[in-house]
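Chemist: Line by line, the protein sequences give chains A and B. Residues in the first sequence are numbered from 468 upward in steps of one, following our numbering. Residues in the second sequence are numbered from 92 upward in steps of one, following our numbering.
Be careful, since some hints might not be right.
[Said to hold, decoys possible] Subject to a maximum C-alpha distance of 27 Å in a straight line, what follows is the list of computed BS3-like cross-link-like pairs (lysine-lysine):
no. : chain 1 : residue 1 : chain 2 : residue 2
1   : A       : Lys600    : B       : Lys169
2   : B       : Lys458    : A       : Lys768
3   : B       : Lys458    : B       : Lys169
4   : B       : Lys433    : B       : Lys191
5   : B       : Lys169    : B       : Lys191
6   : B       : Lys458    : B       : Lys153
[Said to hold, decoys possible] Which residues of chain A face chain B? A partial, calculated answer using Cβ under 7 Å:
no. : residue
7   : Asp571
8   : Ser753
9   : Val755
10  : Arg756
11  : Arg758
12  : Gln761
13  : Trp767
Derived from the structure by calculation, the hints contain no laboratory data. C-beta atoms are modelled at their ideal positions from N, C-alpha and C, and glycine is treated no differently.
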Amino acid sequence: MPEWLIPFVASFIVLNVVIGIVTYVTLLERKFAARMQSRVGPYRVGPHGLLQPIADAVKLMMKEDVVPTAADRPVYNLAPVVFLLPCMLIFATIPFAPGLGVADLNIGVLFFLAVSSMEIVGLFMAGWGSNNKYALLSAMRAVNQVISYDLPFIFSALVPVLLAGSLRLSEIAGAQQGLWFVFYPVIGQLAFVAFIVSTVAAENRAPFDILEAESELVAGFRVEYSGMKFALIQLGEYAHILGASFLGALLFLGAWAGPGPDWMGPIWFLVKAMLVFLLVTWVRWSFVRIRVDQILALSWKALLPATLLLLVLTSIVVVWRTNGGA
Amino acid sequence: MSVAAPASRVEIDYAGGERLTMNMGPQHPSAHGVFRAILTLEGETVVGLDAVIGYLHRCHEKLAETLTYAQYPSIASKTDYVAAMTSEFAYVLAAERIGKIEVPRRAQYLRVIAAELQRVASHLLWLGTWCMDMGGALGGGATIFLYCIRERELILDLFESLVGARLLYGFYQVGGVRYDLPAGWAQTCRQTLDVIEQRIGEYERMLEDNPFFLARAQGVGVISRELAEDLGIAGPLLRGSGVAYDLRRAEPYSSYEDFEFPVPVESSGDCFARYRVRMAEFRQALSIVRQALDGLPEGPISSRPGLKSVAQIRIPKGETYARVEGARGEVGCYLLADGSAKPYRMKWRGASFSNLAVLPHIIPGHKVADVVAIMGSVDPVFGEVDR
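The whole structure should be built from the sequences, with the hints applied where relevant.
Modeler: Listed below in structure tokens is the structure:
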């Protein structure tokens with residue numbers, strides 16, 4: 468294979484694997500939620516409902532694509548793509564095993580965080596272009612919330628960066644082969660909790676899903692979308708959650724570290740990412756939604772100062788250790 | 092009274108800012124039926140609310156004039172379909188009061204059992220839908236909702252084995268009730284009561300130990316005692332605003348004076364107070380059913396022989412207003428009889444209708460998300476509002 472072809476092949480494979488995992492993550496979530504709610508969940512399509520995601524995808528593809536008459540057509544049509552793009556792009560920097568990834572940037576964490584907050588552009592375009600009051604309110608909330616929670620998200624993600632002394636994701640993972648950062652005394656656990664909370668909020672998952680808020684805003688920014696455009700938005704949302712779960716597993720749970728031979732690494736990584744995903748899902752299905760002003764207050768008054776303090780604390784620990792303290 | 096005549100539209104005066112008019116309903120995921128709230132928003136804050144009702148009007152009162160006293164009770168249950176027993180109860184009480192018809196004590200106790208089980212079923216549906224309003228159909232609210240539905244199902248099963256129907260019963264009849272308890276029903280009922288009592292405790296722990304729930308419910312949608320009294324709201328809303336008024340106590344009917352039960356009152360008047368009142372009413376209703384099962388007298392279940400024709404019950408000339416304490420408050424039936432087999436005129440006083448009047452007074456000043464929480468805490472059933 469010629470040298471220049473490798474990135475294309477790699478990204479092609481990663482994209483398809485991600486889309487495959489995302490479709491089945493929806494099934495995982497539905498089964499998990501069903502267990503929590505003493506239901507059965509999808510069961511009819513295929514054995515134990517295993518083909519349900521495929522049935523859903525086919526259904527969405529065959530649905531009529533409705534565009535509201537008064538919509539801002541270019542913005543409306545472009546929004547799902549703009550939304551999906553950063554959600555897929557975040558997988559570029561994730562190393563699934565040592566040396567197995569599309570691009571192991573030396574600013575991997577920074578790239579991930581920067582690209583992941585780009586989804587707000589797509590969200591706002593969808594909300595604005597739909598020309599719908601529910602969607603508009605949702606878009607306004609989106610800007611508020613995503614900006615408020617990106618900061619604590621970044622700060623809590625920077626704690627492992629400080630501990631590992633590198634922004635390169637593979638090095639952060641490598642630094643945890645001995646001790647996972649989540650087990651790092653006090654700092655690790657606090658940072659992990661802060662990371663989970665701000666992930667839930669930054670991904671607009673319940674109890675922070677005020678963008679979707681179907682009891683007030685029906686479906687928020689995607690109320691006017693149907694068919695494949697709706698599917699793209701859903702795909703982007705779940706890809707984003709999946710990406711954040713992988714990031715969580717990488718930053719705190721030691722990525723591919725685990726017993727067994729080396730080729731088990733990616734499997735361990737996937738299992739850990741799924742654990743993070745299920746944790747987020749568990750939170751989602753047990754809390755009632757919190758109000759917009761309370762969300763902002765929680766971020767600016769509690770989470771942001773706390774993570775900032777944690778970051779300072781971590782730097783002190785790191786400086787103390789490198790100067791021969793321990 | 093201190094509050095001025097309620098204006099149809101209460102607006103808070105905000106300085107500047109652009110206003111947005113948004114329809115919530117008549118078809119909206121959180122409208123408990125077909126209710127249209129026209130909200131005037133300034134950003135996220137609601138500054139005005141216009142309530143539009145009438146989408147579910149089915150001419151119940153006119154219908155009552157065309158149906159006989161034997162037929163209408165099973166139609167009456169369609170006004171408030173979530174607590175169907177209640178309106179049947181009020182209708183037959185009114186007819187019996189005009190006709191001076193005695194009701195055997197066993198029938199009175201059976202009526203109490205059905206009414207209290209219905210209160211539990213109705214409150215369960217309320218708790219589930221209210222949490223779904225706050226928590227979302229794709230979130231923690233749906234979890235509570237499904238738990239509540241699971242328990243409500245047990246009560247519907249009891250009704251099914253008692254009446255044969257699960258939602259709309261026609262259990263009450265002028266002079267008594269239609270069916271006696273089937274064999275083994277009392278035992279099953281006691282087991283169900285125990286299960287529900289235990290689960291109620293689980294819900295309380297799940298909700299009250301949850302800071303997000305408290306943040307959404309406490310201090311939201313405060314109905315002051317004065318406002319509550321002026322608007323004539325009733326039921327858990329009134330008791331949540333500090334007024335200890337329960338028709339079962341204030342004006343006992345159908346042997347309610349035989350039972351020991353507390354009247355729960357909360358003073359703060361917010362959504363959380365209404366929630367607390369209803370949670371206490373779960374236990375109160377369960378205890379009343381237990382007492383009624385324990386002291387269930389023997390005897391006939393109706394004071395009149397079986398009907399050979401639907402027009403057989405004739406009520407002498409007269410008029411009366413009979414009221415019962417339903418799950419949502421005072422359900423009243425004004426009946427005007429002309430001596431024939433059908434009433435000359437009938438008028439419903441729906442608890443939801445009166446309670447709904449409080450919305451334009453308490454919603455302005457809250458956020459959009461609170462609108463659904465407050466609306467849910469009022470627990471309107473639009474079949475009863477529009478009739």
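Chemist: Flag every earlier hint the structure violates by its number, smallest first.
Modeler: Structure breaks hints 1, 3, 6, 7 and 13.
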